[in-house]
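Visitor: Model the placement of chain B on the given structure of chain A, informed by the hints.
Chains as they are written, first to last, in this note's numbering: chain A, 103 to 381; chain B, 99 to 408.
In short, the hints are calculated from the structure, not lab data.
Just so it is clear, CB atoms sit at the ideal spot from N, CA and C, and this is done for glycine as well.
Some hints here could point you the wrong way.
As the list claims (entries may be wrong) - Sample of chain A residues lacking proximity to chain B, with all beta carbon distances greater than 10 Å (derived):
{"no.": "1", "residue": "Gly-106"}
{"no.": "2", "residue": "Pro-122"}
{"no.": "3", "residue": "Gly-123"}
{"no.": "4", "residue": "Arg-124"}
{"no.": "5", "residue": "Arg-137"}
{"no.": "6", "residue": "Ala-169"}
{"no.": "7", "residue": "Pro-210"}
{"no.": "8", "residue": "Val-252"}
{"no.": "9", "residue": "Arg-270"}
{"no.": "10", "residue": "Gly-284"}
{"no.": "11", "residue": "Ala-295"}
{"no.": "12", "residue": "Gly-304"}
{"no.": "13", "residue": "Gly-305"}
{"no.": "14", "residue": "Thr-309"}
{"no.": "15", "residue": "Arg-329"}
{"no.": "16", "residue": "Gly-355"}
Unchecked claim - Computed spacing ranges between beta-carbons, pair by pair:
{"no.": "17", "chain 1": "A", "residue 1": "Ala-381", "chain 2": "B", "residue 2": "Gly-231", "range": "31 to 37 Å"}
{"no.": "18", "chain 1": "A", "residue 1": "Ala-250", "chain 2": "B", "residue 2": "Asp-232", "range": "32 to 38 Å"}
{"no.": "19", "chain 1": "A", "residue 1": "Pro-122", "chain 2": "B", "residue 2": "Thr-303", "range": "53 to 59 Å"}
{"no.": "20", "chain 1": "A", "residue 1": "Gly-291", "chain 2": "B", "residue 2": "Glu-327", "range": "29 to 35 Å"}
{"no.": "21", "chain 1": "A", "residue 1": "Thr-113", "chain 2": "B", "residue 2": "Ser-300", "range": "27 to 33 Å"}
{"no.": "22", "chain 1": "A", "residue 1": "Ser-317", "chain 2": "B", "residue 2": "Val-352", "range": "57 to 63 Å"}
{"no.": "23", "chain 1": "B", "residue 1": "Met-99", "chain 2": "A", "residue 2": "Gly-352", "range": "37 to 43 Å"}
{"no.": "24", "chain 1": "B", "residue 1": "Gly-380", "chain 2": "A", "residue 2": "Ala-381", "range": "38 to 44 Å"}
Okay, here's what each chain looks like letter by letter:
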Amino acid sequence: MPSGTLPLRLTACRHLLPPPGRWTASDDDRATVTRHYEEMLALYGVPVPFANLAAETRTPYGDLAAAALDPERDAADLLMVACSTPDYDARRSPTSELAGLLGDRPLPYLVCDEGTVAAFTALRLAGLHDVDRTLLLVMEQGGITPAAPVPEAAAVERDSVVVLALARSQGTAGMRTCRLTGIAPERLGDAFAVAVKEVVPGGEPYTVVLGAGLSGLEHIGAAGVVRARPGLGGTGVWAALAEHAPALRGPAGQVVLAEYEARHGFLALAALPAGELPA
Amino acid sequence: MIALHAVAAYLPPGRRSLEEIAERMDLPPATVRMFRRFFGFDQICYEPDGTLVELLTAAATALETLPEVRHRVRYLLYARGVADIAPYPINPLQQVRELLGLGHAHSFALAAHGCASGLQAVDAAGRLLASDGDPLALALVLTGEKIFSHRMQVISDITLMGEGAAAVLVGPDGERDRVLSYATQTLGRFASFWKSAPGSFSAYTDAYPQALTEVMTSAAEQGGLCLDEVALILPHGVNVMSWGRLCTQLGYPVERVVLDNIRVSGHSSSADPFINHATATGDGRLRPGDPYLMVSAGLSGTFSAMLLRR
Numbered sequence: 103m104p105s106g107t108l109p110l111r112l113t114a115c116r117h118l119l120p121p122p123g124r125w126t127a128s129d130d131d132r133a134t135v136t137r138h139y140e141e142m143l144a145l146y147g148v149p150v151p152f153a154n155l156a157a158e159t160r161t162p163y164g165d166l167a168a169a170a171l172d173p174e175r176d177a178a179d180l181l182m183v184a185c186s187t188p189d190y191d192a193r194r195s196p197t198s199e200l201a202g203l204l205g206d207r208p209l210p211y212l213v214c215d216e217g218t219v220a221a222f223t224a225l226r227l228a229g230l231h232d233v234d235r236t237l238l239l240v241m242e243q244g245g246i247t248p249a250a251p252v253p254e255a256a257a258v259e260r261d262s263v264v265v266l267a268l269a270r271s272q273g274t275a276g277m278r279t280c281r282l283t284g285i286a287p288e289r290l291g292d293a294f295a296v297a298v299k300e301v302v303p304g305g306e307p308y309t310v311v312l313g314a315g316l317s318g319l320e321h322i323g324a325a326g327v328v329r330a331r332p333g334l335g336g337t338g339v340w341a342a343l344a345e346h347a348p349a350l351r352g353p354a355g356q357v358v359l360a361e362y363e364a365r366h367g368f369l370a371l372a373a374l375p376a377g378e379l380p381a
Numbered sequence: 099m100i101a102l103h104a105v106a107a108y109l110p111p112g113r114r115s116l117e118e119i120a121e122r123m124d125l126p127p128a129t130v131r132m133f134r135r136f137f138g139f140d141q142i143c144y145e146p147d148g149t150l151v152e153l154l155t156a157a158a159t160a161l162e163t164l165p166e167v168r169h170r171v172r173y174l175l176y177a178r179g180v181a182d183i184a185p186y187p188i189n190p191l192q193q194v195r196e197l198l199g200l201g202h203a204h205s206f207a208l209a210a211h212g213c214a215s216g217l218q219a220v221d222a223a224g225r226l227l228a229s230d231g232d233p234l235a236l237a238l239v240l241t242g243e244k245i246f247s248h249r250m251q252v253i254s255d256i257t258l259m260g261e262g263a264a265a266v267l268v269g270p271d272g273e274r275d276r277v278l279s280y281a282t283q284t285l286g287r288f289a290s291f292w293k294s295a296p297g298s299f300s301a302y303t304d305a306y307p308q309a310l311t312e313v314m315t316s317a318a319e320q321g322g323l324c325l326d327e328v329a330l331i332l333p334h335g336v337n338v339m340s341w342g343r344l345c346t347q348l349g350y351p352v353e354r355v356v357l358d359n360i361r362v363s364g365h366s367s368s369a370d371p372f373i374n375h376a377t378a379t380g381d382g383r384l385r386p387g388d389p390y391l392m393v394s395a396g397l398s399g400t401f402s403a404m405l406l407r408r
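Isolated chain A (complex conformation) (with noise of 0.2 Å):
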């Protein structure tokens, strides 16, 4: 379903790629916590030790997004954190953490249990809110290992940040998000281009930027196409916007995010005005 227009303008976007950290515990915090995780485990009968699925250079995220913000520079009204790996720190809240870090100003979202496509909808949340600024972090951990198979196109190889600072445009071309639901993936073309539709409704051309989920999409009609690189989870389409976004700023046209979350059947796409992204 379409969202209407969001009146966000993108201002910056910034990717990083830290290297692996180390969580750092006192004995008590550590024993709290690996019992905690172990109790999760049991209740789900999963027969494997927590430290298996959490390394020890694994980074919190309240760790990975105080190394990618400035507080100067970074001052936000509202705060979304969107990821799709666990965090397998109880003893911490990242949000709460980050508001603090921002002075307790920003109102705090988490978005999760969607997989891959999570920033979609905390972009979308984010253009709700009558704020000036948003501070959008899409994260993944490279730290935690899977208690069951995860698809290629949504795995996580290594810690991932991106941060999106948005501002409230005024009279501005503004923003547009879709999301389909139900999509198998023999219909994934098709469902594609009807979301197209709905987030470039005027038809003007346009350049996607496809998230790993999509890296069979061909045949697109875009008049260029960018591919995440594989390995980043749910940051891969994002890193590819930072990485991108110079060249892809332009006079006319949009350009447009997407990823698909093949264990959820979900489709998400964004649209962003080409002549609004950072230079």
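Guide: Relative to the frame of chain A, chain B by itself:
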């Protein structure tokens, strides 16, 4: 103006007495006496063999109107009190979506506000529905947790967590239970108090009354009311004593705070205000036209209040 079209509570039949919890958690007798005599706990909902999917599905199924409006449910939101509820990539929410026949719904979880996430989910659902402009569209908000670990069972010797759940149908407009305002504040210094840092929890309890008072007052004032004019408070069920103290400070009659479920189900994470809604409408305490506050605080340092009119 967004409205709650239906609210259903689900308290699983499984119960554990305070003594059984004490044995599981190795609580000293003095703590047990404190929980019963001062905090108002007697038993909690707890089904160790039940799953989160069963819990949330049962809450949704308790909504009598869901079968006839299922096709109108455009959004399914799961409001979580804790960040991690299943081993990755197991996704209970999407299993629930399928089981409820909501394959068409845009479904996601909100998990930033701890036990106050339920109120944020209602607010977010309202924003999405208002943006769509379809007067018939609905959102289904689910709340409730499995208390799967010892760490979740007893929180800092002030509350006992239970496995109550709730389901809420939110519409873009409605005659009853209209949302008048929503106030929320997150204090980042309380983001990490699970850590064994000395004094971290006492600082939270010191800040708690003022922070909660501020959002309650703000929500009431945004709705054009003072707290005295609020007919009923549907609180999070941290414990009875805490609400008694806060009411004394506020000059608000504690009799108008729905605290009944603390004794029978424990603190049911972000489901409490909605469970209390079902209780208060069922026994007639919440009457047509009454303004009321739903109030929650999360361990993430979030304090929230939502003003509604029955």
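Visitor: Hint by hint, say whether it matches the structure.
Guide: The hints, checked one at a time:
With a least CB separation of 6 Å from chain B, A/Gly-106 falls inside the 10 Å interface cut-off, contrary to its annotation. The non-interface label for A/Pro-122 is consistent with chain B: the shortest C-beta to C-beta separation is roughly 18 Å, beyond 10 Å. The claim that A/Gly-123 lies off the interface holds: its Cβ sits roughly 17 Å from the closest Cβ of chain B, which is beyond the 10 Å cut-off. No Cβ of chain B approaches the Cβ of A/Arg-124 within 10 Å, the least distance being about 16 Å, so the stated non-interface status holds.
Here A/Arg-137 does not stay apart from chain B, with its beta-carbon only about 7 Å from theirs, under the 10 Å limit. A cut-off of 10 Å between C-beta atoms confirms that A/Ala-169 is not in contact with chain B; the least separation is 16 Å. The Cβ of A/Pro-210 does not lie farther than 10 Å from every Cβ of chain B; its closest approach is about 4 Å, which violates its non-interface assignment. Not every C-beta of chain B lies more than 10 Å from that of A/Val-252, the closest at about 5 Å, which undercuts listing it as non-interface.
The Cβ of A/Arg-270 lies farther than 10 Å from every Cβ of chain B, with a closest approach of about 15 Å, so its non-interface assignment holds. Interface exclusion of A/Gly-284 from chain B breaks down, the closest Cβ pair being 5 Å apart, not more than 10 Å. The beta carbon of A/Ala-295 sits about 19 Å from the closest Cβ of chain B, which is more than 10 Å, so the claim that it is off the interface holds. The claim that A/Gly-304 lies off the interface holds: its Cβ sits roughly 20 Å from the closest Cβ of chain B, which is beyond the 10 Å cut-off.
No Cβ of chain B comes within 10 Å of the Cβ of A/Gly-305; the nearest lies about 23 Å off, and the non-interface call holds. Residue-level check passed: A/Thr-309 sits 26 Å from the nearest beta carbon of chain B, beyond 10 Å. Taking the minimum C-beta to C-beta distance to chain B, about 23 Å, the non-interface status of A/Arg-329 holds against the 10 Å cut. Look at A/Gly-355: its CB is around 25 Å from the nearest CB on chain B, clear of 10 Å, so calling it non-interface holds up.
Evaluation of the 31 to 37 Å hint for A/Ala-381 and B/Gly-231 yields a pass: the beta carbon distance comes to about 35 Å. Restraint check, A/Ala-250 to B/Asp-232: a C-beta distance of roughly 37 Å satisfies the suggested window 32 to 38 Å. Roughly 37 Å separates the CB atoms of A/Pro-122 and B/Thr-303, a value that falls outside the hinted 53 to 59 Å. The hinted window of 29 to 35 Å between A/Gly-291 and B/Glu-327 is violated, with their beta carbons roughly 58 Å apart.
With their beta carbons about 41 Å apart, A/Thr-113 and B/Ser-300 fall outside the hinted range of 27 to 33 Å. A hinted range of 57 to 63 Å for the beta carbons of A/Ser-317 and B/Val-352 is consistent with their spacing of about 60 Å. Remark: the range hint 37 to 43 Å for B/Met-99 to A/Gly-352 is upheld by a beta-carbon distance near 42 Å. Between B/Gly-380 and A/Ala-381 the beta carbon distance is about 60 Å. The supplied range of 38 to 44 Å is therefore violated.
Comparing the model with each numbered hint stated earlier shows that hints 1, 5, 7, 8, 10, 19, 20, 21 and 24 do not hold.
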